[in-house]
Amino acid sequence: MKRGNRLPDGGLIDRERQINFTFNGRSFTGLAGDSVASALLANDRMLIGRSFKYHRPRGIMSAGYEEPGALVEFEAGSASGNEIPALLPLREGMRVKSVNCWPSPEFDLGGVNQLLAPLLPAGFYYKTFMRPDWALFEPWVRRAAGLAAVPRAAPEEGAYETRNLNCDILVVGAGAAGLTAASIGAASGLRIVIADMDRQPGGALLGCEAWIEELPGTDWVRKTAAELKAADNVRLLRNTLVWACREQNLLMARQNPERSGERERNWRLRARQLIIATGAVERMMVFPGNDRPGVMLASSVRNYVHRYAVRPGRRALIFTCNDTANEAVPALTNAGIEIAAIVDTRPEPQSVPTSGIRHIHGAAITRTSGRKRVRGALIRHANGRMEQIECDLVALSGGWNPSLQLWSQARQPITYNHRTSMFVPVAKAAAIRCAGAADGCIGLAAALRSGAMAGAAAIKACGCRASAAIPECSPQTRYNAGPWWHDEAPGRAQNAFVDVMNDVTLADIHLALREGYRSIEHVKRYTTAGMGLDQGRTGNVNIVGAIAEATAADMETIGVTTFRSPVAPVSFGSIQGTREGSVLLPYRHTPLTEWNVSRGAVMYEAGARWRRPGYFPQSGESMHQAVNREAGAVRNSVGVYDGSPLGTFAVKGRDAARLLDMLYTNRFSDLPLHQGRYGIMLTDDGLILDDGVSFRLGECEFLMSTSTANAARVYRHVQKFLHLERPDWQVWMTDLTCQWMNATICGPAAREIVAALGTDIDLGRGKFPFMTIREGMVAGLPARISRVSFTGELSFEINVRARDLCQLWERVIDAGKAYGITPIGSETNHVLRVEKGFLSLGHEVDGTTDPYDLGMGWIMSKKKSDFLGKRSVSLRRRRGVPRRELVGLATADPAQVIPEGAPLTPGGRREKSEGVVTASVWSECCGRSVSLALLQDGRARHGETVHIRTPEEVMEARVTGSCAWDPQGTRMRS
Amino acid sequence: MLVITCPFCGPRDEREFEYCGPAAPPRPEDASVVSDRGWVEYLTSPPNPVGPVEEIWWHKRGCEAWIRLCRDTVTHEILPTREVRK
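Going down the list, the protein sequences come from chains A and B. Residues in the first sequence are numbered consecutively from 50, following my numbering. Residues in the second sequence are numbered consecutively from 35, following my numbering.
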């Protein structure tokens, strides 16, 4: 490495293992243990990409997930956009490129936006592009918006997955506080999970020099982590970002793969006690040019030096308002970084100054200079004198922001602490507590103590005994910070960034305030400050401070915006895991699927996830031809249909008849034994829920059937009524769907087929009439035959045990050969139903109709004083408002089939519709198309001509009765 | 995702349950004798408070018990559950 920034020794890296990668097509070399960011810095790559809105040059600003400046994307097979380079472990052959710049970050054509910046303030698209029409500008603005490109294809290797894990105590964050809490927990024997987003535990200890229990900080981390790993009751999840805190301590975490071939894994963690030890993020400082490459967070500079042995610059200017930056000075000077000066905004020295370093008090940076890399900064001294200081690195320390995302997601309270200028958690909930820097305990000693206390408290809350042994470390003074929210920046506020990632400046905040936005939530949404991938971790509190200063309000009163999940970007793939397609919602099949498929059936879903045959095309047949042939067979000879998915329920008990009387609009209590009756079921708001036939099998036993799609809904409806409204009734409803399965033989020759199968049931005309049920043996199998008809033809529904269905089916096909028996699918069934004017849920029953509308007023019992829905139907009909009623339609051109759902309008004009076509099919047996419609006052309009309006044409049709085939019903009763 | 304690099965995941609305006043014994206003009131005014509300849940993918529980709509805190019949 020629222009290397790598220090000759130190760092948690393996100097023996070199790793090759490319950045924007150029080859570079890093070391094992590097992140992409540290490898780029080691190769003196500070300029990483261009910014979101103004295409300003941006570089690496931090060493963690708070990174507001630098984003990269992967190329090739593992294409993935908007990744934070500091979080990516460097891997061999990695291909990384810049975001939001073309052709390169050094020379970017989009940089012209910098000149337009004065025209692009907050909310500019609400104002600038209003006339003549936003739609004209939208495509252009949308294309310009966003950062990295969306990957074109899914990742090449590995699968996403989801896992569940329960524990007594979950510790989020394995820094000093988290490790201490987990260690205490480990000794208690409780089940502990500790999750950390980094590749190795340690948190801030990885990025600074410290001594704990007479060991260097990183050694203490190693020893503690090894002890935790060795304990049976502790699980340490590395690379795991806890990204959501849901109700009752359900936490969602994303684990990045540790080996190639794996992809992300999502954990659903349920914890009795939660300890949030997520640390704190160093705050940016707001002044013009605070986004220039070379401006970094002070703690991050220290992190790169200590963890990666990388020197991000040669001559640093430190700008601070608190005590922590001083602690970094020895490490920086040891690394050969010259400290140009420490600029402290506080007027008085607060701590012992480091000897040999220039301290400037009561001063501030008012601007930086340099183009693609900072070259110097202009300082305004307390007395107003300006001074230019040369440097290639500006290290900012604006105080600390405890990472309270999870705490905030759990809806826990947050307050402002004036001494430390931080928003800190207010302890309240018993099952959630913060520890360490997340609890506002800045500094190692405070963090260790806080971690120990939190661990002990969580153990006690789990009902175990604990002793809080606090690890010893070098003593520290109490942390102090003076609030400093932004430089005065007269006239140059538009280069002072409060949200670097989203290009939001101090001027934008002031604009929002001038335009009347007061609430922090509104300012955030109007300016987009804090809405980027980094969620404004480094800048949000500066915004609160800026609003407080501009409006003379209290920080506490303004407050912070509510954090929402995810804490950091999470891929949809990891949330979904393995649940997709047929795994998520499996299809249901009857035992005949194999037979159907082998006969060439076109299979599709037909309600309630049932996969059923649509039609059985023979060689060369179209769907239309197949349906005509199948329908013709049923009308003229015989067909067979698999009706197994129909909802079937046993209703048993002393109050069974009473229950059916309540559920259906008509009476069932007077139904004779072994007879069936068609019923319509309403909800209590007077709309049709379902229809079906119920048979009486005994004094206190009924066999109830529902439509296929509605079986589950009806079951729930009945159970709810019974359990909530009539708990004293003695009646049970048992789901028998698919316990009995059936072959329904329908057509004029049906009786001959059943006889040919061989049965002990008397099939004689007078002996086994329509709407009755018989039990006996059919084809040597125990069976129940019911005489219902869904086709309008003579039908026998032969129900057998599920395991006998295939056998029965083969026998039926054999027995029917002489009559040309034809299996029929759902398409034909639909045609036959429409010809008969039978209701179909979702067609005629569309959630607005009642039985009167469908010409079935006779089914609404006058004798029963109450049944579900009765009161609402009568209340609604009393108003006398005209209703849409079911009619048939005969099109003027008999061959024309109307698109289902087409509106009927007066005269076919473009007016308010007077009805809708609910079904329309070609009927081979009627020799014309047959249609059903819901038409305003339809029953009084038989014979009238109405008009159907489609986008292409206006069709004429004559209003008819709703039953086009055998209106007397003699065929199905035969 | 809530954890709901079924009186029969103990604490179980929310995915086993089906939410069946807030606990409304009981349906009138005979709807034909209720005033129009009373009937509309019964149909259209389910409780919808900010804070604790009594709800009906069905342990559909479990023991099929019908459960009455009190959930705080702000904090999701769940107070003890019981079977609806009791």
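It cannot be assumed that every hint is accurate.
Chain A is nowhere near these chain B residues, computed Cβ spacing over 10 Å in every case [what the hints assert, rightly or not]:
(1) Cys40
(2) Cys54
(3) Val84
(4) Cys97
(5) Cys104
(6) Pro114
Here are the in silico distance ranges between beta carbons for each label pair [said to hold, decoys possible]:
(7) A:Pro635 x B:Pro45: 41 to 49 Å
(8) A:Val1003 x B:Gly85: 37 to 45 Å
(9) A:Trp189 x B:Cys97: 54 to 62 Å
(10) B:Cys97 x A:Pro721: 35 to 43 Å
(11) B:Pro60 x A:Trp781: 19 to 27 Å
(12) A:Ser914 x B:Thr78: 37 to 45 Å
(13) A:Gly976 x B:Pro62: 38 to 46 Å
(14) A:Ala602 x B:Gly85: 43 to 51 Å
(15) A:Asp942 x B:Cys97: 54 to 62 Å
(16) A:Trp781 x B:Pro62: 20 to 28 Å
(17) B:Thr78 x A:Pro955: 31 to 39 Å
(18) B:Thr78 x A:Met580: 55 to 63 Å
(19) B:Thr78 x A:Thr606: 47 to 55 Å
(20) B:Pro62 x A:Lys866: 40 to 48 Å
For the record, the hints were derived by calculation from the structure and aren't laboratory data. Even glycine gets a Cβ: it sits at the ideal position worked out from N, Cα and C.
We went through each hint and held it up to the structure:
1. Cys40: The claim holds: Cys40 (chain B) sits with its nearest Cβ about 14 Å from chain A, beyond 10 Å.
2. Cys54: violated (6 Å)
3. Val84: holds (13 Å)
4. Cys97: Check passes; 13 Å lies beyond 10 Å.
5. Cys104: Its Cβ never comes within 10 Å of chain A, the nearest being 15 Å, so this holds.
6. Pro114: holds (14 Å)
7. A:Pro635 x B:Pro45: 41 to 49 Å: Check failed, 27 Å falls outside 41 to 49 Å.
8. A:Val1003 x B:Gly85: 37 to 45 Å: violated (56 Å)
9. A:Trp189 x B:Cys97: 54 to 62 Å: With Cβ atoms ~59 Å apart, the hint holds.
10. B:Cys97 x A:Pro721: 35 to 43 Å: holds (37 Å)
11. B:Pro60 x A:Trp781: 19 to 27 Å: holds (21 Å)
12. A:Ser914 x B:Thr78: 37 to 45 Å: Given about 23 Å between the Cβ atoms, the range is violated.
13. A:Gly976 x B:Pro62: 38 to 46 Å: violated (53 Å)
14. A:Ala602 x B:Gly85: 43 to 51 Å: This hint is violated: roughly 30 Å between Cβ atoms.
15. A:Asp942 x B:Cys97: 54 to 62 Å: Given about 59 Å between the Cβ atoms, the range holds.
16. A:Trp781 x B:Pro62: 20 to 28 Å: For Pro62 (chain B) against Trp781 (chain A), whose Cβ atoms are near 25 Å apart, the range 20 to 28 Å holds.
17. B:Thr78 x A:Pro955: 31 to 39 Å: holds (33 Å)
18. B:Thr78 x A:Met580: 55 to 63 Å: violated (39 Å)
19. B:Thr78 x A:Thr606: 47 to 55 Å: Once the Cβ atoms are compared, 40 Å apart, the range 47 to 55 Å for Thr606 (chain A) and Thr78 (chain B) is violated.
20. B:Pro62 x A:Lys866: 40 to 48 Å: 59 Å Cβ-Cβ, so the 40 to 48 Å window is violated.
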